[in-house]
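Colleague: These protein sequence lines are chains A and B, in that order.
Heads up, the first sequence is in our numbering, so the first residue is 13 and it goes up one at a time.
Heads up, the second sequence is in our numbering, so the first residue is 6 and it goes up one at a time.
If you are wondering where the hints come from, they were derived from the structure by calculation, not from laboratory data.
These figures come from a predicted structure and were not determined experimentally.
Among the clues, some could well be false.
Stated by the list, open to error - Distance condition first, Cα-Cα at most 27 Å in a straight line; then the derived DSS-like pairs of lysine-lysine:
| id | chain 1 | residue 1 | chain 2 | residue 2 |
| --- | --- | --- | --- | --- |
| 1 | B | K6 | B | K102 |
| 2 | B | K6 | B | K73 |
| 3 | B | K73 | B | K102 |
| 4 | A | K19 | A | K77 |
| 5 | A | K77 | B | K47 |
| 6 | A | K19 | B | K102 |
| 7 | B | K47 | B | K102 |
| 8 | A | K77 | B | K102 |
| 9 | A | K19 | B | K47 |
| 10 | B | K73 | A | K77 |
Said to hold, decoys possible - Just some of the chain B residues that point at chain A, by a computed CB distance under 7 Å:
| id | residue |
| --- | --- |
| 11 | P45 |
| 12 | K47 |
| 13 | A107 |
Where a beta carbon is used, it is the ideal one built from N, C-alpha and C, also for glycine.
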Amino acid sequence: SAVISQKPSRDICQRGTSLTIQCQVDSQVTMMFWYRQQPGQSLTLIATANQGSEATYESGFVIDKFPISRPNLTFSTLTVSNMSPEDSSIYLCSDPTGLSPAQHFGDGTRLSIL
Amino acid sequence: KQEVTQIPAALSVPEGENLVLNCSFTDSAIYNLQWFRQDPGKGLTSLLLIQSSQREQTSGRLNASLDKSSGRSTLYIAASQPGDSATYLCACPEDYKLSFGAGTTVTVRA
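Let's have the full structure, built from the sequences with the hints guiding it.
Modeller: Below is the structure:
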């Protein structure tokens with residue numbers, strides 16, 4: 013199965029600042045997904061990161077707030093911009109199109125905004 | 006849109022007891038169903054995946070069943086241990102995008 017690494021694992025940020033989360037996969041993958049998990053909630057898909065084209069955002073999520081980069085087939089970044097306490101969540105990336113039908117996730121980035 | 010529900014939201018059992026976790030979904034035309042484990046503040050670990058053509062899948066003390074006609078999957082964990090304490094999530098893909106249940110948080114008391 014794919015090995016997915018995320019950095020940072022956690023961070024505490026001031027409101028109004030931005031943080032970029034990195035996701036690295038150990039093999040080339042067509043799509044990468046970014047999810048958010050708010051406290052006590054389940055996971056919600058933010059966007060699909062596509063190599064060579066703009067990310068595709070789900071309803072309720074916009075590029076200005078969550079810009080995504082996908083410079084190659086093994087790497088993606090998600091930026092959480094102009095953070096507020098409501099952005100305190102775990103952010104996870106996943107590899108939905110690997111060799112196995114099972115989807116795999118990174119260890120997540122636990123973000124707290126003061 | 007697929008809706009996934011997990012009941013109960015929380016479960017506490019003494020060590021050694023068998024665990025039964027339920028997952029229901031509204032659209033029976035699923036491609037597969039996947040069970041995950043999540044430790045507090047951490048990412049997701051894939052436990053089992055059942056393809057739509059399968060009725061069950063086993064891995065060690067874990068057994069997952071799938072009944073598409075009734076829109077249900079059940080995860081059984083035999084002889085629970087304190088290390089099994091975690092949140093368990095089920096999910097179904099639609100165009101690769103996973104729809105998750107809210108999870109069942111399990112506490113196994115020593």
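Colleague: Now tell me, hint by hint, if it's right for this structure.
Modeller: Checked hints:
1. For the given pair, K6(B) sits about 11 Å from K102(B) by alpha-carbon distance, which is consistent with the 27 Å threshold.
2. For the proposed pair K6(B) and K73(B), the alpha carbon gap of about 16 Å is at most 27 Å, so the pair holds.
3. Only pairs whose Cα atoms come within 27 Å are accepted, and K73(B) paired with K102(B) is accepted, the gap being roughly 19 Å.
4. With a CA separation close to 19 Å, the supplied pair K19(A) and K77(A) stays within the 27 Å bound.
5. A C-alpha spacing of about 23 Å is found between K77(A) and K47(B), which places the hinted pair at or below 27 Å, so the restraint holds.
6. The straight-line distance between the Cα atoms of K19(A) and K102(B) is roughly 23 Å, inside the 27 Å bound, and the hint therefore holds.
7. Under the criterion of a C-alpha separation no larger than 27 Å, the hint pairing K47(B) with K102(B) is consistent with the structure, at around 20 Å.
8. The suggested pairing of K77(A) with K102(B) holds, with an alpha-carbon distance near 21 Å, which does not exceed 27 Å.
9. A C-alpha spacing of about 13 Å is found between K19(A) and K47(B), which places the hinted pair at or below 27 Å, so the restraint holds.
10. Note on K73(B) and K77(A): the hinted pairing is violated, with a Cα-Cα distance of about 38 Å set against a maximum of 27 Å.
11. The beta carbon of P45(B) comes no nearer than 10 Å to any beta carbon in chain A, farther than 7 Å, and the hint placing it at the interface is violated.
12. Checking K47(B) against chain A: minimum C-beta separation of about 6 Å stays under 7 Å; hint holds.
13. About 5 Å separates the beta-carbon of A107(B) from the nearest beta-carbon of chain A, less than 7 Å, and the hint is met.
In summary, the numbered hints that this structure violates are 10, 11.
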